[in-house]
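S.K.: Sequence:
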Amino acid sequence: NYLVGVGRADCTGPVAEIPLMGYANPEQVGGGLLTRLYSRAFIVADLDDSRRVVFVSADIGMVSQKLRLEVLKELKSKYGELYRQDNVILSGTHTHSGPGGYFQYTLFWITSKGLIRPSLNAIVNGIVKSIDIAHQNMKRGRLFINRGTVENSQINRSPFSYLENPASERSRYSSNTDKEMVMLKMVDENGQELGLISWFAVHPVSMNNTNHLVNSDNMGYASYLFEQEKNKGMLPGEGSFVAAFASSNLGDVSPNTKGPFCVNTGESCNNPQSTCPVVGATMCMAMGPGNDMFDSTRIIGQNIYSKARELYEEASQEVTGPLSSAHQWVNMSDVSVELNATHTVKTCKPALGYSFAAGTIDGVGAFNFTQGSVEGDPFWDEIRNQLLGEPSNETKACHKPKPILFSTGEMTRPHPWHPDIVDVQIAAIGSLAILAVPGEFTTMSGRRLREAVKTEFDSHGTSQMDVVIAGLCNVYTHYIATYEEYQAQRYEAASTIYGPHTLSAYIQLYRGLARAIATNTVQDLPRGPEPPVFNIGNLTLVPSLSTDRAPANKTFGDVLQEVGQQYRVTEVAEVTFVGANPRNSAENATEHNFLTVERYTNTSESWQVVQNDASWDTRFYWTKGLLGRSNVTIEWHIPRGTEPGVYRIRYFGHYKKKLSLSPAVSVAFEGTSSAFEIVAL
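The opening residue of the sequence shown carries number 70 in the working numbering; numbering runs sequentially from there.
I should point out that these hints are in silico values taken from the structure, not numbers from a laboratory. Among the hints, a few may not be true.
Claimed, not checked - Subject to a maximum C-alpha distance of 25 Å in a straight line, what follows is the list of computed PhoX-like cross-link-like pairs (lysine-lysine):
1) 693 x 727
2) 182 x 693
3) 147 x 198
4) 693 x 725
5) 301 x 198
Fair warning: this is a prediction, and the values are worked out from it, not measured in the lab.
Using the sequences and the hints, build the whole thing.
M.R.: Printed below as a string of structure tokens:
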């Protein structure tokens, strides 16, 4: 038995004009909202409350060092030494459709157009609030673990790299992806359901890099379905049951199960370079199972949810035993790894290879870089040398066979481009060990890490440990490929920034943490060098918020394009309003709701809210016009099972108004469509 608390809070942030974090595509900025982003927090404590472990899964691309340090600072000011570096795990689901701008290292600062305070603040506040809610709701409870296989939901997107791993190792596994989902179920002592955490390895990239609507992708949709089912009669985002679908070793795992095809010719491009005969690599894209990216997100999310639900209902293996946690900071650019008694190798200063610029079949790069490049290109090398400086011979040699495109570890202007100081962390809840890893381990890298940690626990008498990897935790360091995969230099290998021995270094470090937990010597672990905090100015390339204007003879919230009078289930009701920049609303309230769908009830002669902007069936589009004008279009994709009746759609916004001498103020407004009827199919 433990004390258990769960909490969920909104962490969406601004949904317009902010670069979305994940594909590093400068064109991909927010232009509306499909589903809200949430932070989901779980706290487990011993019955005597001597030890606690916190696990947070947030619907964001990844946890950045800046984000983690700010969250821990907030927690310290609220709770003193209760929640600390060692016992708080922050994990990102890795959705590629959430706002960026919360990074201090220059590479990410550039791709997300600066440090965007409203975005960072929304995530910090959301994470802290979810922990607050879990903290306030601690009660006696029980934990159960279950595991099972998820089919038809992933493919390996670098199968040729996977084949570089030894045949003897590959023969132990039935697939080139990890199909296993691990599920932790939480109930209170009376058996009342509290929530769950599921770990499963797949990229949340069912929504591709043409998407502009903020959303939580396939993993978020699985959470949405589970929470809607358990919080009956509640709107999305409401209710006490919390279901987190967290990331794992998803480095080379795509949800786009139809595989890679040439967009221009329709033929397969499942080759070692992921390149097409006509035009080349930029045409090679993987397709999901659905008719479009929304449909693919739904199908993959539904698959993951269905398996989770089955595992949840059948979970009977109880988790018992003590809690413990261990954390270290490590300078990953300088780790000596003992491969065996006679052979020691080292990690390198961070650098990205040529194939990093190629992107993946889930989101291709620019300029026709191809994956699997083991040669540089004199043209790009020269441009790089002129703009950013040439990599040192030492770094070139250390990273071989990677041809270095960006020697980020040697680039320090205006601040270092990549982290040197990285978190390694394990939290153990009885027989469950959660390895919080700072990036994206590939399938085989994850298998090796789990196995090494399990062996370490076994050898110190702590057998039967369930070892699970939680991805994208604490600080982002790109990918971790195996030494063999590294030789092929596809995207994941080119993005293994600390060189060919990165995985071996992590295995050595996590074994050290496991040993300390198993032998109860965590207090003797060196803390390691603290990460730097840079004073990043608020310079961004995000347009400044200007005064909103309405067209002549119109006011904010007026309807420009009205709904139809009647719809059938599965059709789309659509209305366009005179709008204002949604960023005004994000800066006024963390929990602003942009829209409602309401049904008229005759009995009470009133309108009742049936959907909000967190609903999967509603889409909120913001289109910027000239001279401060903008439109908002709201779509409601009327789901099967919608009760026939009379409905309307409402829009809530804020416009920025400049008064002659005083600072600009935000003024709330709303708009309402005319009523429309829904008839049965």
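S.K.: For every hint, state whether the structure bears it out.
M.R.: Do the hints match the structure? See the list:
A distance of roughly 19 Å separates the Cα atoms of residue 693 and residue 727; the hinted pair therefore holds under the 25 Å criterion. A C-alpha spacing of about 19 Å is found between residue 182 and residue 693, which places the hinted pair at or below 25 Å, so the restraint holds. Restraint check for residue 147 and residue 198: the C-alpha separation of about 11 Å stays at or below 25 Å, so the hint holds. Between residue 693 and residue 725 the alpha-carbon distance is near 14 Å, which keeps this suggested pair within the 25 Å criterion.
Of the supplied pair hints, the one linking residue 301 and residue 198 holds, its CA atoms being roughly 23 Å apart against a limit of 25 Å.
Hint violations for this structure: none, all hints satisfied.
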